[in-house]
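**Q** So the sequences go chain by chain: A and B.
Per the numbering used here, the very first residue in the first sequence carries number 1; after that it's consecutive.
Per the numbering used here, the very first residue in the second sequence carries number 1001; after that it's consecutive.
Since the hints were made in silico from the structure, they are not lab data.
All clues stand as given, with none of them false.
Cut-off 30 Å, straight-line C-alpha distance, at most; resulting in silico cross-link-like pairs (DSSO-like, lysine-lysine):
| id | chain 1 | residue 1 | chain 2 | residue 2 |
| --- | --- | --- | --- | --- |
| 1 | A | 85 | A | 61 |
| 2 | A | 288 | A | 269 |
| 3 | A | 413 | B | 1002 |
| 4 | A | 269 | A | 409 |
| 5 | B | 1006 | A | 413 |
| 6 | A | 409 | A | 94 |
| 7 | B | 1095 | A | 94 |
| 8 | B | 1092 | A | 85 |
| 9 | A | 94 | B | 1006 |
| 10 | B | 1092 | A | 94 |
| 11 | A | 288 | A | 260 |
| 12 | A | 269 | A | 413 |
| 13 | A | 413 | A | 94 |
Partial selection, computed: residues in chain B whose CB lies under 10 Å from chain A:
| id | residue |
| --- | --- |
| 14 | 1007 |
| 15 | 1010 |
| 16 | 1023 |
| 17 | 1031 |
| 18 | 1037 |
| 19 | 1038 |
| 20 | 1041 |
| 21 | 1094 |
All C-beta atoms, glycine included, are put in the ideal place defined by N, C-alpha and C.
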Amino acid sequence: MDIQSLTIDQVREGLLARRFSAVELTQEALRFAEAQNPATNAYLRFSPERALSAAARVDEKIARGDDPGALAGVPVAVKDVILTKGLRTTCGSKLLAEYVPPYDATAIARLEEAGGVVLGKTNCDEFAMGSSNENSAFGPVRNPLAPDRVPGGSSGGSAAVVAQGTAVVALGSDTGGSIRQPASFCGVVGVTPTYGRVSRYGLTAFASSLDHIGPLARTVRDAALLLQTIAGCDPLDATSAEAHVPDYTQSMGGSVQGLKLGLPREYLKDLTSETGDLIAAGAATLRKLGCEVREISLPATDYAIACYYIIATAEASSNLARYDGVRYTFRSEASGTLSDMYRHTRGEGFGAECKRRIMLGTYVLSAGYYDAYYLKAQQVRALIARDFARAFSEVDAIVAPVSPFPAFKLGEKIDDPLAMYLSDIYTITGSLAGIPCMSVPCGQTAEGLPVGMQILAKHFDEPTMFRLADAFERARAN
Amino acid sequence: MKITEKEVRYVAELANLSLSEAEVHRFQADLDEILGHVERLNEIDTTDVEPMAQVLYATGDMGRLRTDCERPPLGTDVALANAPQSGAGYFKVPKVIER
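Isolated chain A (complex conformation) (with noise of 0.2 Å):
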């Protein structure tokens, strides 16, 4: 078996086959994950003991003869914001170096109900704030393609260990793109569902009203097999959506022949020379499969960084005003009253970027500037939205670069912040209309640079995203 390349599917097939055991993969996984992490910093810790008693049980499911479960056996990475019971999560942050979940996030529960293997918990931005993962209190994570170059962010460990061959598939979290930016940069498939197709409980809350979790895998088909396992609604968070969940792989493996797919002519004039030659070649693929590929305009589209660094950092305030020294493991050594121990264990523990965003959200909110900050941008996002909504009166979905430019180099944006939000443009939109969107890869620059498309459909209509990108990576393997 080669561990670095094994799908869903291959591993469903080993087991049942008897070639290995859940329990052996597991041992060589997590002996092979061990081994290369340091190249990376892509795992912050691994779960031995999680991982193969849920092994130990899916082999003695085989052995009885019962289900296994759809990700029976299948090494998984998980982004340390999702919540795992007696499993650290710190969110890359300080603040929660010690801390342990009481309980797992409904998204891992569903997976490991499904026979999934959690390896361990991955590297990202803390409280994943960033597009370069180089704001994790645990060091930056270095890009498996390109060791001197960012994984993307803020999903970057788990972009990383799926590229790496570390795990098979991953769980990341994206609030304006911290899924798809990352894929894109490491060169695999990855996934940011309608809002509200999974369930957040467990999820550590950035930005509410933006936050998802979502899939990262080496396939389409991968990715889809495990949003099909952790998506459906949930009593445990009332914004997940009670629309029914289709068998996602239905819609796969067909034509696309006379899907009309749209163009945005906004995504296309700050790319860089490579991004855009590698998007028009990933157009005229589409063209070649039968898809009727015409531009369209999304006018809203330069107003989107505004919108949402307003929305999701006013609701990162709120968010992480709980960090307060009471209730989660850290608290300043400095003495005094309650108000300076709130205020010193926040300053002592946050990093820089969760100042800044706590900072900008706090002042948007602020008595006066409501209403020109807050208020506004919450009507520039129903622009955003209706933009989407008229497009997709049109077209069946819409194909678009992930990023204007491939990984960049560690510490090339690290001091700009408002550069570093501008490289968010192309995935914010998506977010901001609580669209399903993706990256899948597209092609390499000549130094050998992933870069992906991107993919959006009408709200939970994964089925017609998934049925396209499956094409377009049937069409690019051959």
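Go by the hints and put chain B onto chain A.
**A** This is chain B only, laid out in the frame that chain A set:
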């Protein structure tokens, strides 16, 4: 200038964040630049546009409250397990009221 150092200190108070002098300088410059970019929102006409606070409503899936029924709680010991200081079933904090 969109924001002054004095305002940065005021916002830090509101946010319960102690900042060093260097951070005050840095955040003044950063926030000033970011707020400068945000200014462009004034270019777009939003007359009569309903603010969008929640995606679910746009999808036609309103979400629903779960049934109000008993569930076993975490329990005091578990809830306190991550507290930096606790005792007698409570979170402990520095004295709030001085005599």
